[in-house]
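Enquirer: As they're listed, the protein sequences go chains A, B and C. First residue of the first sequence? That's -15 in our numbering, and the numbers climb one at a time after it. First residue of the second sequence? That's 1323 in our numbering, and the numbers climb one at a time after it. First residue of the third sequence? That's 252 in our numbering, and the numbers climb one at a time after it.
Treat the hints with care, as some may be off.
Stated by the list, open to error - Over the 12 Å line for every Cβ pair with chain B, so calculated as not near, a few chain C residues: (1) Pro275; (2) Ala356; (3) Thr374; (4) Gln433; (5) Glu479; (6) His485.
To be verified - Here are a few chain C residues that face chain B, going by a calculated C-beta distance under 7 Å: (7) His268; (8) Thr350; (9) Gln354; (10) Leu370; (11) Cys482; (12) Val484; (13) Lys486; (14) Pro487; (15) Gly489; (16) Val501.
Hints are computed from structural coordinates only; laboratory data are not their basis. Ideal Cβ positions, reconstructed from N, Cα and C, are used throughout, including at glycine.
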Amino acid sequence: MPVDHKRINGPEISIPYQLFDKLNTKSLKTQFSEIVQPNGTRADGRTSTEHRKIFLKTGVVSQAKGSAYIELDQTKVIVSVFDPREIPNKTDYSSKGEIYCEFKFAPFSCHKRRLHQQDAEEQQFSAIMKQALESAVFRHEFPNFQVDIYAMVLHNDGAALSAAITAAGVALAHAGIPMYDLITSVTLAVQGNHLLVDPTLEEERLCQVPLFKEEENNHGIVVLSVLATHEQISQFYQSGYLSYACLSSGIEMLTNAAKDIVTLVKKCLVKHVIKSVRIVED
Amino acid sequence: MSKLKSSCKLGILSRPDGSVLFSQDETTVVAGVYGPVESKANKALVEKACVEAHFRPKSGLPGVKDRLNESIIRNVCEAAIATAMYPRTSVVVVIQEMQNNGQLISCALNAACLALLDSGIDMKCMFAAVTCFIHKDESLVFTPPINEDQVKAMFMFVFDSVEKSIIASHTDGSFSVEQYKDALSLCKEECANMFDFFKKSLTIK
Amino acid sequence: MSEQYKILHPVKYFRDHLAHKIRPDGREFGEYRPIVVNLGSISTADGSAIAKVGRTTVVCGIKAELCQPKAEAANEGFLIPNVELPPLCSSKFRPGPPTEQAQVATQLVADILKNSDCLDLKTLCIFPDKLAWCLYADLICLDLDGALIDACVVALMAALKSVTLPAVQYDPALDNKQVNVQERKALSVTNTPIATTFAMFDDKILIDPTVDEEDLSTSLVTIVVKEEELCFVHKPGGCVFTEEQLLKCVEESTKRATVIEEIIETAFKSL
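Input sequences plus hints: build the corresponding full structure.
Expert: As structure tokens, then:
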């Protein structure tokens, strides 16, 4: 590990103790069949199209213009949005405002300890977030300015990216940034003919590689961000291999799931409006 | 109880506006002051001078520990310098550690005070830092014990020259409230000697 | 109207409030904000806690890893605290390496840990000179509204109390280690240091300041108390305090410490 002069450094080499656990000799295939029944029922009792219970709250960071906290069962993400500010180090005029996204996993949020600096995965997720949110915001309303959006994953139990995008949409609305539409995002994990909406970390891990060679070797992760009113897709991210038929049925599942979340997002924002109206009345 | 042996040599460096080689007991530092100088656009304050402190360790690059020393030095200097006299400028205090025998922070602060006096910058008051130690046998002394394991706690106080009030306090180890009071009054007595020493050093120059 | 007044004349706004013996958020000078502690909500960490002091929120996650002890301290493990002030928590910060404030906070928390001696590093050693635990305690501030150190220390102590380490079998001859993840044991934390921050403004001492009060104040003092003893009195300069004022702060912080210790204890029992 490189020495960081701005932090307290631990010993040069340290190894996660999980590596020395009594070895788990089960093949990935048996592991997968243990957590997903043939009829699609999963380890936590959900059906394959069922989303986890969502907890959503606005106004969690007092110092930020807008903020939101989302929980998908164990997955916990906090997002804050700040006032538009001038784009740093830019001299020429840009007619559209910019969105700056930073996605970060807390060091203790995953099984393996994350380092403090942003790694390649986090940078990629930041870029995906930016793309997803750009089309939801009236960027022409703040030319030459940028809006900062920071997402921090406190606990990653799968679908952290889509949780962050959904929460960022809510935080943007909470900050009063003009938007075309509400944005929600859902993750899909695919393994063989199993399509699992809103996967846990364990399910995500087992969908990284093809396990069922004899069938079509569909496998992978899809993250879809949807603008609710006209069912427009603002961002699509896929890793792994998917056949066209599998993908189209997957997208249908995801848009349906996204629709369910929109009602929740609306409810959350209405609650915020009622609260602020009450404060003004008092 | 032995008084601390302090010695100093003012103006040892030619480039800075004020400089000093200062040693107290076995601890030695060099301090340099630049100022008031033009400050960077993002640091300039409209109504007062911006005080910057840089602490360089004996070897290697400054780390997190040195950042804490810097913040103490900066805050103390800021309290003593008449910052309102120099708006939109910077005063830079640079401290180089030469040898550390336990009372590094107080030595650095005293050196900073002497360097500021040497530079002729306007100050509201002088300040003097005094460190004292509690041994395992509960005795209170100024000179650090030879063996580090003997120390129960360390106290560092900074006093101003006008009212002899406390500008800064920093401690190490755990201790009772009574011990803290004792250390405070002991250091308060000692700080008068420091101020005398400052005055004497400046007259000689 | 008061919002505009606050932005245009922050100092006068503050002074007017204090003249009426009340703080802008409605508290009295010696009144501290409510404290909330939650333990063990992050299962990927070996110990975790969230502390809220007023609106200041700090989450602490402790992850344990295996390493070789230092040659000069062959029978000791490591406890590495780091305070992170991400741009998320306040508009004062920008993305990039830790700011000076974060570094100073990191060092203060490390000093408090060392001074209070609340965790004997020898208990983290598994086999002298060969194998020891390294606990990475990462403190992340989610909302910065003053009294950062207070919240950090509460979160860190609560998290340390909730840490459980798995049993390790080590064979020094073969350098072979085996970990039994199911069999977990708690750490033995011997005491609970509690930090209290005071801000001074115009000769008035305010306990547990908010970020606005901290910015306007001329001096800050942080006092750490553990079991009737003091283990840290930190005043990094600023305007002067008299001896009586400082000792009054010590007295106040001792009172507050017993209350907070109870809060942590209750949170720990409900775990």
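Enquirer: Hint by hint, note whether the structure agrees.
Expert: Comparing the hints with the structure gives:
Against chain B, the non-interface label of Pro275(C) holds: every CB pair exceeds 12 Å, the least being about 22 Å. Ala356(C), annotated as away from the interface, has a beta carbon of chain B within 12 Å; the closest lies near 9 Å. At roughly 19 Å from the closest C-beta of chain B, the C-beta of Thr374(C) stays outside 12 Å, upholding its exclusion from the interface. No beta-carbon of chain B is positioned within 12 Å of the beta-carbon of Gln433(C); the least distance is around 37 Å.
Interface exclusion of Glu479(C) from chain B breaks down, the closest Cβ pair being 7 Å apart, not more than 12 Å. The claim that His485(C) lies off the interface is violated: its Cβ sits roughly 6 Å from the closest Cβ of chain B, which falls inside the 12 Å cut-off. The closest approach between the C-beta of His268(C) and any C-beta of chain B is roughly 22 Å, which is over the 7 Å cut-off, so the hint fails. For Thr350(C), the suggested interface contact is broken, since its CB lies about 10 Å from the closest CB of chain B, more than 7 Å.
This hint holds: Gln354(C) has a C-beta 4 Å from the nearest C-beta of chain B, less than the 7 Å allowed. Because the closest C-beta pair between Leu370(C) and chain B is about 14 Å apart, greater than 7 Å, the hint is violated. Below 7 Å, beta-carbon pairs count as interface contacts, and Cys482(C) has one with chain B at about 4 Å; its hint therefore holds. A cut of 7 Å between beta carbons decides the hint on Val484(C): the least distance to chain B is about 5 Å, and the hint holds.
A cut of 7 Å between beta carbons decides the hint on Lys486(C): the least distance to chain B is about 4 Å, and the hint holds. Annotation: Pro487(C) was flagged as interfacial toward chain B, and the flag holds, the nearest CB pair being 4 Å apart, inside 7 Å. For Gly489(C), the shortest C-beta to C-beta distance to chain B is roughly 6 Å, which falls under 7 Å, so the interface hint holds. For Val501(C), the suggested interface contact is upheld, since its CB lies about 6 Å from the closest CB of chain B, less than 7 Å.
Checked against the numbered hints above, the structure violates hints 2, 5, 6, 7, 8 and 10; every other hint is satisfied.
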